[in-house]
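Throw the hints in and build the complete structure from the sequences for me.
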Amino acid sequence: MDLVLARVRSSPAISDENRIQILKFSDYGFAEGLSVERVEHYLHILNKIAQKMKETDLAFIDANKDDIIKLVGWVERRDISDWTKHDYKVTFKKFYKWLKGDGETTPKEVRWIKATKRKNNTLPDELLSEEDIEKLLEATRHPRDRALISVLYESGCRIGELLTLRVKHIKFNKHGARLIVNGKTGMRRIIIIASSP
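So the mapping is simple: this note's numbering equals the position in the sequence shown, first residue as 1, plus 17.
Treat the hints as calculated values from the structure; they're not laboratory data.
Just so we're clear, the structure is a prediction, and the values are computed from it rather than from any experiment.
Even for Gly, the Cβ is constructed at its ideal location relative to N, Cα and C.
It is possible that part of the hints are untrue.
As the list claims (entries may be wrong) - Below, in silico cross-link-like pairs of lysine-lysine (DSS-like), each with a Cα-Cα straight-line distance of 27 Å or less:
no.: 1; residue 1: Lys125; residue 2: Lys102
no.: 2; residue 1: Lys106; residue 2: Lys82
no.: 3; residue 1: Lys125; residue 2: Lys188
no.: 4; residue 1: Lys65; residue 2: Lys125
no.: 5; residue 1: Lys82; residue 2: Lys71
no.: 6; residue 1: Lys102; residue 2: Lys87
no.: 7; residue 1: Lys69; residue 2: Lys87
no.: 8; residue 1: Lys185; residue 2: Lys152
no.: 9; residue 1: Lys110; residue 2: Lys201
no.: 10; residue 1: Lys131; residue 2: Lys106
no.: 11; residue 1: Lys131; residue 2: Lys117
no.: 12; residue 1: Lys106; residue 2: Lys87
no.: 13; residue 1: Lys125; residue 2: Lys82
no.: 14; residue 1: Lys114; residue 2: Lys131
no.: 15; residue 1: Lys71; residue 2: Lys125
no.: 16; residue 1: Lys106; residue 2: Lys69
no.: 17; residue 1: Lys152; residue 2: Lys87
no.: 18; residue 1: Lys152; residue 2: Lys131
no.: 19; residue 1: Lys117; residue 2: Lys71
no.: 20; residue 1: Lys106; residue 2: Lys125
no.: 21; residue 1: Lys152; residue 2: Lys69
no.: 22; residue 1: Lys131; residue 2: Lys65
no.: 23; residue 1: Lys125; residue 2: Lys152
no.: 24; residue 1: Lys114; residue 2: Lys201
Said to hold, decoys possible - Pairwise CB distance ranges, derived in the manner of DEER restraints:
no.: 25; residue 1: Arg94; residue 2: Arg161; range: 38 to 44 Å
no.: 26; residue 1: His159; residue 2: Glu72; range: 42 to 48 Å
no.: 27; residue 1: Arg161; residue 2: Arg95; range: 31 to 37 Å
no.: 28; residue 1: Ile97; residue 2: His159; range: 42 to 48 Å
no.: 29; residue 1: Ile197; residue 2: Arg55; range: 39 to 45 Å
no.: 30; residue 1: Ala30; residue 2: Arg55; range: 19 to 25 Å
Okay, structure coming up:
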């Protein structure tokens with residue numbers, strides 16, 4: 018978090034007026050009970066948007082619907098994932114709800130933005146099969162890599178959930194292991210059998 022705040026505070030690519038608004042919004046996010054990770058994510062995106070706005074000397078507070086349409090168009094044209102584009106749109110709405118609304122009412126400048134999640138268009142035959150995983154495991158040389166691949170496949174965890182595990186989150190028994198992971202959906206327990214040593 019300190020790194021993101023330092024970037025916002027010191028970036029010459031952000032106008033002072035926008036910098037102040039971003040920092041105030043971070044205080045609001047914490048007051049609202051958002052996690053450090055969520056506030057950090059919003060700040061990272063707002064930093065990028067503020068850099069783009071500086072190209073035309075546009076301040077957040079002065080941006081009208083047409084300005085925001087141009088910015089969302091810029092986001093849509095960028096070579097970034099659909100999820101990242103979705104996050105930008107959510108950030109626009111959240112930020113302007115705070116800046117020009119009352120925290121609950123969405124102002125007209127961003128009311129038109131559709132930040133719906135796109136369907137996952139991955140077909141079952143595009144997913145890795147058990148045979149594919151076996152080939153990956155045979156090709157890896159390091160036990161750490163084999164463990165990561167095996168646990169990811171068996172548990173269905175997100176990579177972020179697995180990489181934040183600590184020894185205290187893993188309990189072994191005669192049948193396998195129980196993992197306690199924390200991710201987007203909160204804390205959950207997962208039992209793994211084939212991946213345990």
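Outcome of the hint check:
1. Of the pairs offered as hints, the one joining Lys125 and Lys102 holds, with about 20 Å between alpha carbons and a cut-off of 27 Å not exceeded.
2. Proposed proximity of Lys106 and Lys82 is supported: the alpha carbons are some 14 Å apart, at most 27 Å.
3. Only pairs whose Cα atoms come within 27 Å are accepted, and Lys125 paired with Lys188 is rejected, the gap being roughly 52 Å.
4. Straight-line distance between C-alpha atoms of Lys65 and Lys125 comes to about 22 Å, which keeps the hinted pair within the 27 Å bound.
5. Simply put, Lys82 and Lys71 have alpha-carbon atoms about 17 Å apart, close enough for the 27 Å limit, and the pair holds.
6. Distance check on the hinted pair: Lys102 and Lys87 sit about 14 Å apart at the alpha-carbon level, within 27 Å; holds.
7. Between the alpha carbons of Lys69 and Lys87 the distance comes to roughly 11 Å, so the proposed pair stays at or under 27 Å and holds.
8. A threshold of 27 Å between alpha carbons decides the hint, and for Lys185 with Lys152 the separation of about 31 Å lies outside it, so the pair is violated.
9. Pair hint Lys110 plus Lys201 holds up; C-alpha atoms about 20 Å apart against a cutoff of 27 Å.
10. Between Lys131 and Lys106, the direct Cα distance comes to roughly 7 Å. Compliance with the 27 Å bound is thereby established for this hinted pair.
11. This hinted pair checks out: Lys131 and Lys117 have alpha carbons roughly 18 Å apart, not beyond 27 Å.
12. The straight-line distance between the Cα atoms of Lys106 and Lys87 is roughly 13 Å, inside the 27 Å bound, and the hint therefore holds.
13. With a CA separation close to 7 Å, the supplied pair Lys125 and Lys82 stays within the 27 Å bound.
14. The hinted pair formed by Lys114 and Lys131 meets the criterion: a straight-line CA distance of about 14 Å does not exceed 27 Å.
15. At most 27 Å may separate the alpha-carbon atoms for a hinted pair to count; Lys71 and Lys125 meet this at roughly 22 Å.
16. Distance check on the hinted pair: Lys106 and Lys69 sit about 15 Å apart at the alpha-carbon level, within 27 Å; holds.
17. Between Lys152 and Lys87 the CA atoms are separated by roughly 47 Å; this puts the pair beyond 27 Å, and the hint is violated.
18. About 42 Å separates the Cα atoms of Lys152 and Lys131, which puts this hinted pair outside 27 Å; it is violated.
19. The hinted pair formed by Lys117 and Lys71 meets the criterion: a straight-line CA distance of about 20 Å does not exceed 27 Å.
20. Between Lys106 and Lys125 the CA atoms are separated by roughly 14 Å; this keeps the pair inside 27 Å, and the hint holds.
21. About 45 Å separates the Cα atoms of Lys152 and Lys69, which puts this hinted pair outside 27 Å; it is violated.
22. Only pairs whose Cα atoms come within 27 Å are accepted, and Lys131 paired with Lys65 is accepted, the gap being roughly 20 Å.
23. With a CA separation close to 53 Å, the supplied pair Lys125 and Lys152 exceeds the 27 Å bound.
24. A C-alpha spacing of about 23 Å is found between Lys114 and Lys201, which places the hinted pair at or below 27 Å, so the restraint holds.
25. Distance hint check for Arg94 and Arg161: the Cβ-Cβ separation is about 39 Å, which falls inside the suggested range of 38 to 44 Å.
26. Between His159 and Glu72, the C-beta spacing of about 46 Å keeps the proposed range 42 to 48 Å intact.
27. The hinted range of 31 to 37 Å is satisfied by Arg161 and Arg95, whose Cβ atoms lie roughly 34 Å apart.
28. The hinted window of 42 to 48 Å between Ile97 and His159 is violated, with their beta carbons roughly 31 Å apart.
29. In this structure the supplied range 39 to 45 Å is violated for Ile197 paired with Arg55, their Cβ-Cβ distance being about 21 Å.
30. For Ala30 paired with Arg55, a C-beta distance near 23 Å keeps the hint of 19 to 25 Å intact.
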